[in-house]
Structure formats: C-alpha cells, structure tokens
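Go ahead and model the full structure; you've got the sequences and the hints to work with.
Just so you know, the protein sequences line up as chains W, C and X, in that order.
Read in order, the letters of the first sequence are residues 1 to 233 in my numbering.
Read in order, the letters of the second sequence are residues 234 to 353 in my numbering.
Read in order, the letters of the third sequence are residues 354 to 1400 in my numbering.
Simulated from the structure, these hints should not be mistaken for laboratory data.
Do not rely on the hints blindly, as some may be mistaken.
In silico negatives: residues of chain X with every beta carbon more than 12 Å from chain W [what the hints assert, rightly or not]:
1. Val969
2. Ile1202
3. Glu1259
4. Asp1274
5. His1363
Across the chosen pairs, the derived CB separations fall in these ranges [said to hold, decoys possible]:
6. X:Ser789 with W:Ile6: 43 to 51 Å
7. C:Asn260 with X:Asn1374: 16 to 24 Å
8. X:Phe1368 with W:Lys153: 55 to 63 Å
9. W:Lys153 with C:Lys339: 22 to 30 Å
10. C:Asn346 with W:Ser44: 55 to 63 Å
11. C:Asn346 with W:Ala8: 45 to 53 Å
Each residue gets a CB set at the ideal place from its N, CA and C atoms; glycine is no exception.
As a plain string of letters, each chain reads:
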Amino acid sequence: MIKRIIPAILVISIFFMLLKVMTNITPKYDLTGVSKTYAEQGASDLGAMNLVTAIVVTYRGLDTLGEVAVLFMAGTGIALLLRRKKKKKGSVAKKREASEILQTGSKLLVPIIMMFGAYIFINGHLSPGGGFQGGAAIASAVMLMFLADNSFKINHKVFGLIESLSGMFYVIIGILGLVMIGADHFLDSRLLPLGEFGKILSAGTIPIIYTLVGLKVGTELASIIDNMKGDLE
Amino acid sequence: MNITNIVHIIGFALILIGFWGMLTQKNMIKIILGLAIVEVGVQLVMVAFGFIEGRTAPILDSAVELSKASELIVDPVPQALVLTAIVIGVAVNALMLTFVIRLYQKKRSLSINDYKDLKW
Amino acid sequence: MVNPIYIIAILLGLGFLLPSLNKTGIKVTGTIFFLGILAVSVISFQWLAAFAFDGQELKMIFTAGFEPPMSINLQMGLNEAVIISLINFGALLGAIYSFRYFAENGVQALVVFLLFILGMNGLVLTRDIFNIFVFLEITSIATYILIGMDLRLKSLSAGFKYMIAGGIATVFLLLGIILIYSKTGTLNLDGMIAAVSIAGSSQILFVGVFILIFSVLIELKVFPANGWALDVYEGSDTGISAMISATSATALLFVLYKVLPLASMDLTQIIVLIGVLTFVVSNLFAIKQKSTNRLLGYSSIGQIGLLIFVIASKDVLGANFEKIFFGLLISHFLAKAGLFWLSGIVKAEKIKGWVKIKKNPILIFAFGTFIFALMGFPPFPSLAAKWSLVMILAENGSFLWISLILIASLLEVLYLLRWFGYIIKLEDSEEKVEKSNHQLVPIYVVTVLLYVAGFYLTRSFDAGLTINFIPLALVGILFLIDFLPAYVKNTLVLAAISYYGYNLVPELDTLKMIFALIFLVGGILTFIPGYSVKGKRIGFYPVAVMMYVGLVGLIEATTFFEFFFAWELMTVGSYFLILRGKRSMPHALSYILFSAGGAYLILFGFALSGAETGSVLLTSLSDVHIYATVVFILLALGFMTKTASVGLHIWLPGAHAEAESDVSPMVSAVLLKAGVFGLIILFIAMRNNDVSNLFYILGWVGAITALLGNIIASFQEDAKKLLAYSSIAQLGYILFALALMTNVGWLGAIWYSINHFLYKALLFLAVGAIVMKLKTHNMYEMGGLIKKMPMSFISVMIGIIALSGVPPLSGFGGKWLLYNAFILKGWYFQGAIIAFSGVVAFLYLWKLIYSIFLGPIKDKHRKMTEVSVWYLIPQYLIIGILMFIAMKPRMILEKVGISLKEYLPEDTVTWNGNAASTFADGKLFGVWDPFYIMIIVMVLFGTLLAFLLVASRKATKVKMFNVVYSAERPESPQTTHFSYNMFSHYRKAMGFLALPLVSNFWDFITDLFHSTSDFFRKFYNGSAQSYIVHIISFVVFFYFILNGGIF
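The following block contains the structure:
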C-alpha cells in the first residue's frame, strides 16, 4: 500500500494540472488562424477534396516526410536489433498448423484487404484515408498470411527494394519541386497540374506521394511484423 | 456537457490511467502499455481540440459547399497532427518492445527492477 | 548558396537508398555515407562562411510553395549556421571515429546515423513547433537504436530507460503543442510567439507553454529528471555517448533557445534556477564518481545545465549572449566529444585505469587540453565566456548565481584534475592502449580546434582584444619542438626570456620593474640548472614557460581580464610544474584547488568592481565604494591563496617540497611574488577606500603567518619542507609590511620580496641539488657534507645569513625597515610577534646548516662529490647579487621610496651617502649604514674566527664511532641522530601552535562535500521506474510552484 502513495500523489498532481486545462476549455465555434485559411484556400490551392490530406501531404509535407523517416528508421532499427545469427536449416521449432478456417479464410481475404489498402491510399486526396492508413491495411494482410501459413516468408529483397525506391522517389518528388518551381517549393504538390477537382487523377502529386507512402508503410510494417514474430537465436 | 467535453475527459482520464500504470507496474511490457495509453489519451485530446459541434469532417465533398467550407467543417489541423503522432507513437512503441525482447533474452526477466546494473 | 533543404533531402534520400545497396558491400555504402555527411557539412560551412564574411542576411526558406503559417518554414541565420556547422562537422568526426562500430552492425547502422544527423539539422533549422516534435522523434529514435544496437545488456537497459524518459517527454510535448495551438491557431513558432505575447494570461496557454518547455528540459537531461541520462552515458558505446553529449545536446539547446520566447518571466526564472541547479548538483555528484563514462556523463549534464542557464538569461546578457553561449558551447562540444572518444580508446572502466595513457604524451596532451577547456582555463574560449558571464551577472546583482556557478566550477576542477593527476602520477600499468588511426584523427582534430577556437573566440570579446597571444605562441612552439634535447630548448628559453626582458623592463615604472626583474631574472636563474638534465625532459619547457608568460602578463596587464588571463595562465603552468615531482600528486591537486578557488574569488571581486564602476581597468578599483569591503576581501583572499597566508597555506609545503629540484625555486622564490604583486596592485588601488580595518586585520594575519610558519619550519625533518614553511613565514612578513600601509613599511615589503626571491632561490637550488644527489629529503640522513660539498656549504651559509636578517647581508636591511615601520605605525603587539618569529627562524636555520653540513658524515656519503655545476652557477650569481645589494641598497631603495610617494606620501627613508635614516615627527628615528655595519661585522667575525682557530687546535675531531657508542641497537636508528626531532623540547612548549588545525579544517570541508555527494547520488538508484517518478515529480513540482498552488 505504501508503495502506492507516491504514484497516487503524482497522478493526483497531474490530475490537477489537467483539471486546470479542462475547466478552462471554451467550446470552439469557429475556425481560427491557420485552419481557417486552409478551409478557405485549400481546395483552390491544391485541388484536394480531403483537407487533412492536403495538409498532411503538402502544407505540412516536411512533417510527413519526417514521419515516413521515423517509421523507416523504426523498421530499420528493429531489423538491426532483432537481427538473427545465421541459423542452421531445420532448426525452426515446430509450430502448430493454423486452423482450416484461418487458412481458407485468409486466401479469400488477403487479396481483398490488399486491394482495400490500395484503394485507401490512392483515394487519399478524395476520401478519408491515405498512405499510412492504406499501408497499415496492406501490412495487416501480410500479417494474416503469417498467421495462416507457418512457412510463409516475405521476400526481403523485393520488400527492401520497394521500401527504398518508394522512399527515394518521395524525396526526389520533393526535390523536383525545388528544381522545377523554385527554392521555396520543396514537396510542392503543384508540380503536376491540379486536374479536375474530385477526380482520382487530380490534386497534383498528392496521389503519387500517397501511393509511395502507402507502399513504403505497407512493406515497412510487414517487415517489422516479420522481424518481431520470433525465431530468434 | 457536450460531446467535446466528453472526449476531452476520456482523453485526460486515459492519460491519468496510463501514468498510473507506468508508475505502479513492474512488468516492462505493462509500462510500455501505460505509455501507449497515455499517448492515446493525448491523441484523443488533440482531436477533441479540433472539434466544433455540429460540423462535418474536413472533406470537401458534396456535403460541403466550397465557398462556405470554413463555416461547415471542423478543424483539420489537429487531425493531420494526430495522424503523424499516431505513426510516430507506433514506431516508438514497436522499438521499445524490441528492446524488451532483447532484454528478456539477457536476463529472462520482465521485471523492471532486475535492470538496475547502471546506477549512481 | 545551396538551399538548406538539400541537407534534409540528401540525408533522407541516402538513408532510403543505402539499404538497397547493401549487396555492394560496406566499401561502397560507407563511401556514400561519408560523402553524404561531407556534403551536408560543406553546405553548412558555406552558409557559415556567408554569414561570417559576406554579410549574408537571415534567410527564411518555405516549403511546398506556401508562406508560413500555412506551411513549414526553415530559418537560416548566423546562429543556425554556427550550430549546424558544429553538428555536422562533429557528426563527420563521430562517423569517422565510430565507423568500425557501425560497419559491424551493417548498413542499417549507417542509415540510422544519417537520419540521426538529419534529425538534429531539422531541429535547428525548423521554425514550426510540430515539426520540432517530428525531428525530435527522429533524433531520439535514431539515438535509441544507436545505443541499443550492440546488444549488450548495459546498452540495452540504458536505451530502454532513455526510451521511457523520451516517451514521457514526447507526450508532454504533444500535449503542450496542442494546448498552445488551441489558443493561438498556429503552429509556426514566430506566429505563436507573437500570439502568446498578445494573448496574455490564458490558463490553457500557461499550462501548454509550461509542459512544452519542460519536455524540452527533460530531453536536455536537467536535474533531477536525469537519472536515465547518466545510465545512457555510462552504458552506451563511447562513440555514441560523444554524439549525445556533443551534437544532440547542442541541437536540443538550440530548441530551448527557440521556444524560450514563449515563456513568461516567471517560467524563465525557473529555467534559470534549474540550469544552475543542474550545473551545481551534477558537479557535486561527480566528485565521488569513479566510473569513467559516468563521470563524463555528470560533467556533460553539468555543462549543459550551465548552458541552459545562459540561454534562459539571454535578456540579461544582452549583446554578449551569443559570444558567451558559443564560447561555452564550443568548449563543451569539442572537449566532451574528445573526452568520450578518448575514453573509447583507453577502454578503462575506472578513471584510475587511465594511467594506461601515461606513455603517450600526445594523448595526455589531448586529455589535458580537453579538461582545461572544460574548466575554463586560458587559452580556451570558455575562459572569456565564463568571465563575461560573471561580469554581466554582477552588473545585474545576481550574486547568488555567481557564487553557485563558481562553487560548481571549483568542484569541476577538483574531479577533473584529480583524474589528470591519476594519469600522470599513478604507477604505470602493463596494459597498452590500442590505437587505430581512424579513432585518433577525430581526437587530434578537436584538440587543434580547441586552440583555434580559443584564439578567435577570446578575441571576439571586447575584453579579449588586448590579450597578447605572442608569448603564448612561444608555449605552443615549445610543445611542438618538445622532441628536441633539453639543452636546445633550455637555450632557446633563456634567449627568449632575456630578449623579452630587455625589451620590456626599461619601459616599466619602478614598482613594476622590480617585479618584472624578479620574474625574469628568476626565470633565467632557475632555467640554468636545466642544463644538467640529460635527455628531452618532455613536457617541462612548455609549462614552465607558460608560468613565466603568465607572470610577465601580470606585470603588463592593465585591465581586469588581462590580469585574470595571465593569472590563470601562471596557475596552470605552475600546476603542471608542481605535478612533475615524484610524490606530488595530492599536493599539486590541493595547489590547483586553492589557486582555482582564489582565482574565482578574484573573478568575483573584479566583477563586483566592474559592476559598480563600469570600468574594466585595474586602476578603477579605487573608485569602488559601495562594495569596497567585499571587493577588497575577495581580492585579498584570492591573492593570499598564492602568498599562502595562514589558513590558505596548506598546499604550499607539499607542493614546494615535492617539486623537482629546479622547480622548487621557480614555484617558491618566483611564483609566490605573484601573490605579493597582486596585493600591491590591490592595496595601491584601494588605499583610500575606507578599508583601513581590513588592513589592520591583514597585519595580524601576516604576523601570525610569520610566527606559525617559522615554528612549524623548526619541527621539519624534510629539508625542502623546512624551506617551504620558511617561505610561508617570509610571505607573512611581507603581508604584514604591506598592511602597514606606510612608505617605510612598503619599502620593507619590497626589500623583503627581492631578498626572499634571492635567498630562497639560493637555498632551494643548493638544498634541492643536494637532495637530488643524496636521494633523500630527510636531514637526519645527511650530515658532514661540508667537506664533500664546500661550494654548496658556502651557498647555504650565505643564504641563511641573508634570511635570518643578521648583519651584514641584505636581510638585515629588511628587518631594519620593518621594525622601523611598525614602531612608527604603533603596531607593537603584531611587531612583537614579528620580532619573536624572527628569533624562531634561527632555530631552523641552524638546524638546516648543522644537520646537512656539520657533524660526522654518513658512511654511504663518503664518496659524495660536489653537486652539478649547473646548479652552482645560478647560486653564485645570486650570491653576487646578494652581496651587491647588501653593499649598495640605496641603488634600489631610494628609487622605490620616491616612487612610492605617489601612493604613500608620508616620510620615506632619507639617504645620506650609503646610510639610511628614518624620521618620526621630524626627529631622527633610526639609522642604517650598510658600509659601517659590514666593516663592524667583518672585524667581529675576523676576531672570532682567529680566536676559534687558536682555541680549536687542541680539539679532538669527532668521528663516527664517537657518536654511536654502545648498548642495544635502537629500533629506529634515525632517532639516535643528533638532528632527529632536534627541537623536541621546544615542541613541548610551542607544539600546540603547530597542530594541523588548518589542514583538519580543509579535510573536513572536502569530506563534507564527498559524503554529501555520495549520499545524494544514491538518488539515481538505477530503476527506470524511479526515473519516471523523478521526471513526473520534477514537472508537477515546478508546475505547482509556478501556479502558486494546486488550483
């Protein structure tokens, strides 16, 4: 009991700190500051229906590039930390086979989930979703395959290449903005024409970037899952 | 009490619960979970700060008239931020768990008190 | 100009690219890796050069083609350029150093390191608060991976603790960002700062800014939320620790700098407090630390604390902020990176294990450079920075901060130099240092850079402009030519001193000329014995010259800073000199501690004076009135650490006795006069400032010092210690004479200074040479050497006659002046003590000559011959000078007396031919005619000698066996020696005066610090959960303080 006293005091202290915030929150009635500008100009500036996407990919594109870097680095780091010693063949501990339902169901579901993931990132500028969400969906399909099939292995070469190339292209698109438009246009999505508002092929480079991000996130998360699923030493 | 307040309260509550977990649990995985809960709480609070009652999502489809967009949608900025925060949170948590996996292999213990070799 | 966006693009692009090139092998990926870092370094240097030389203006870079606040923008200004240049160059060196470590872990490690650099650059450049969060995460995650990737238990658990702490900081940061955003509607930092200043007191804003800044502080590892950080420093690979301590701390400091304008006045004050607290506590905890990397960790955290303090005091520091900040930062950056890298090469877990590098002069040199740069000694940039910091703080009346910073700096000196002492002085270990060039190059580079930075940054301060670096260049050259044989360097040094003196001396006024002559002639006389040393005498000449450069610098100084710079230079040089002795480690440490403490008192005193008068000239001390008493006490105490007045003397006996034979006269005869010179400067300047009570106290201090010094000297068995205590006493006379503040008294003081310089140099040279030859310090192991070393005997004979003050030699003149002065002044009690201690002096002088030269000779000394001629030459030169000034004191004293009239206008000594006389109320008071005295003494002496020669014809010569005749063999044979415990009967009467009360007092103080340190550092108990408690307590504690309560 006595050991709980200090945590209790601390949590209560934080409670009072948050209480101060809580009691002072005033309900919001209007957009203010930068969000108002986004709402007013976002559509005409970038031609993306989904304003969140416009913000994520273009206005705050540097954040997103950093975010991709974080995820990439986490994947790299996990691979580095969980690197295996070269093991002899056949030393893999035997695992129970997945159930019939899982095996069959996965065959049905994996392509659909993959397609859904792709849909999410390709339509990121039109509807809720985007590269990260789509990538996560794709990775979940890969995870399903791991669960369904003990012997399933991802092709590290292909995955690695997709990861590298999509990342590279992302950076290159950013630099193209600098080269083709001007010094202050890194990651500017208006590199390509904005196209017709509301169509798939619109909003400049946003769909391309989101596709690259989707591929990258999907492969990265899949690799993380692969690394973490065990078989160490 | 409107819906914003409820989300705020839930968010703050999660933060407190998460901290309580971090402060009282000895199992490293539970401590990480505690941190994850705090993160979720913060993310909820973030989203809640962008919410405006009676408005729709910041997607300029047929439901939103373009010229009046700023009067019809909620604040898109916190949503964009949360997206980034979530992804980064995931990355950090995954990495933390990896550390725990490796630590466990060294000492076969998940108790945080068994890793006090470095001190003073 | 290359767009700084390319820094981000290059690092990120290469990071994405490298894994796919894994197949091509480490050579290709490694090359690309280095090219990438090189490219970003070049970009940052290009900007730096543009700002520094081309007057480039601050540049904003937008992204995505929109202006902020809509998009994220980067800012490139002079500060940013400096910081990223530092970071990228540091990272380049770090990459070179750690490349093997990376290569072992594969291409992924290279990727992570690239992104690590990216994160830091982003942190510095971005002007968007959420973008700071993203880059902070990139930096942190990269750090976690770099720490953990070697998969050792230590590094993994350290990394885990770091991640927990980082995680908490992250959630606070996010919460802070969203709270501020909800009130300001922008994420752009500049917009936020503007909005916050308009918004006024909103509670949400208050909490938001508070936790935002505190999360940055947690990342900066402030006390007490930093237990994890120490484990990180200790547990990580040293190459990574170097990066954490140098590069990423720099980036984070800059983040604090950027977000600080958001903070309210109260919050800024709290940050100031936290910074100082961190500096003090880290250094306090460090003194008990034995583990190398953890010690470095404490030191890092301390330095960062000081830098946090500087950042938070930005408004106070005003125009000098950048110089101070960069002066301290660059010193820390280069030195700490270098130290961690060195630690990686030495591979010694405990600091005592560093003795391994003893045989590597270059590594020792590098190590010395690093720690002296950290402590803020010349010529490093931290000196001028710390100086300016203290000056400005004094102007603002922040005396508490000054005291704390100086105390913590002293603690830093303690543990760093103790460590240095271990390296130089511990028994050599068998282990060798494994060196590989790629690890050495970065160390060499930062070493050189520290000197370059020292030169440029010191000169960037107004105060530093007048510093004369040319003599310092001589020190540098001596370091470079240290491979030459000793006699070459000796000749060079003698030539340099002579040349410099020839140019300098004629331009000085009388007082300064006297001291310049003491320093320069002293230099020449004490370097001559150097010819007797064979071999190279590595390390001797640079440090000896450094001391003399400092001494001469004191003479030439006109401003506070010049004086302080020279003072520190002299201190460092003499520290190294003393450290060279065989058993000198503890004594050298206590010497430097007292000296550094004294220097900080002087610094504080100058700062107070400058704060009141607004002037930086030494002469402006006379205008101090409000702080007069404090300034006087601080400065006097500071100078008295060098003159070793009672209470501050405990370093002297060991330091002088254990020094090398030709170093003892340097540090005794010459060095102590620096303290006298300081006191003279002080007394002259402040003679009219209503501090006469203090002069009175100093008079007593001088008298007591004289008495105790002489009594303790009488009880010494060690010949050099005897001389050392005698120096303490002599300096007591001088202090007493100065404190009289009369013309005659000062004449006495200066006469004493000259004479003490001469006869103490003579005695130390003579006795030192004998000690070196006999390989013992103990006088009871000597005896009967008069026939073996007649020349030395004559030297010592002359020396003790001069010292004792019996006619006819010059010591008599000193006594005559002193007695006249105190009687005229009316200080009878003190005068009586002085006179009595003069009598006591005969005891040890008799012991000195009797034990060494008279009586039966020891068996093992029968084949002894005269000491080296190189020691005799300066002795006889000194004897010549002594004789000359004994005959013609007027030549010096008259001039001095006249020049003193400017400050002390009352009656001086009147000269008539060779005779001096003093007057009281117009009546003749005392007369001294050296010529007649000489004749009288000669006649008396001749008569006595003749009588003895006649009377001693019948005497039997005493032989060895006449002394030790019978009975059992005593347990300790030395007790039968006639000079062992020679004055035990006096000890019974006066021994209580010789009790080591003062040493006990200082031992108590050090023990107090050590036990406090040991007790409180247990606070860092190693549990990650405790660290969580610390962090959260830290945040809520200060929250409630700022908030004024719970609600």
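At the C-beta level, are Asn260 of chain C and Asn1374 of chain X separated by a distance inside 16 to 24 Å?
19 Å, holds
So Asp1274 of chain X supposedly isn't at the interface. Is its beta-carbon more than 12 Å from every beta-carbon in chain W?
78 Å, holds
Assuming the hint says 22 to 30 Å, is it satisfied by the Cβ distance from Lys153 of chain W to Lys339 of chain C or not?
27 Å, holds
Status of Val969 of chain X, Cβ more than 12 Å from any chain W Cβ
Fine: 46 Å to the nearest Cβ keeps Val969 of chain X off the interface.
Starting from the hint 45 to 53 Å, judge whether the C-beta atoms of Asn346 of chain C and Ala8 of chain W obey it.
Violated - the Cβ-Cβ distance for Asn346 of chain C and Ala8 of chain W, about 20 Å, lies outside 45 to 53 Å.
Least C-beta distance between Ile1202 of chain X and chain W, which was stated to exceed 12 Å:
Answer for Ile1202 of chain X: holds, closest chain W Cβ roughly 72 Å.
Take a quick look at His1363 of chain X and tell me if its Cβ sits farther than 12 Å from every Cβ on chain W, holds or violated.
29 Å, holds
Does the claim that Glu1259 of chain X lies outside the interface with chain W hold up, using a Cβ gap greater than 12 Å?
70 Å, holds
Is 55 to 63 Å right for how far apart the beta carbons of Asn346 of chain C and Ser44 of chain W are?
Roughly 59 Å apart at Cβ, these two residues keep to the hinted range, so it holds.
Phe1368 of chain X paired with Lys153 of chain W, Cβ distance criterion 55 to 63 Å:
Hint holds: Cβ distance 57 Å, inside 55 to 63 Å.
Mind checking the hinted window 43 to 51 Å against the Cβ distance between Ser789 of chain X and Ile6 of chain W?
48 Å, holds
Of the numbered hints stated above, the single one contradicted by the structure is hint 11.
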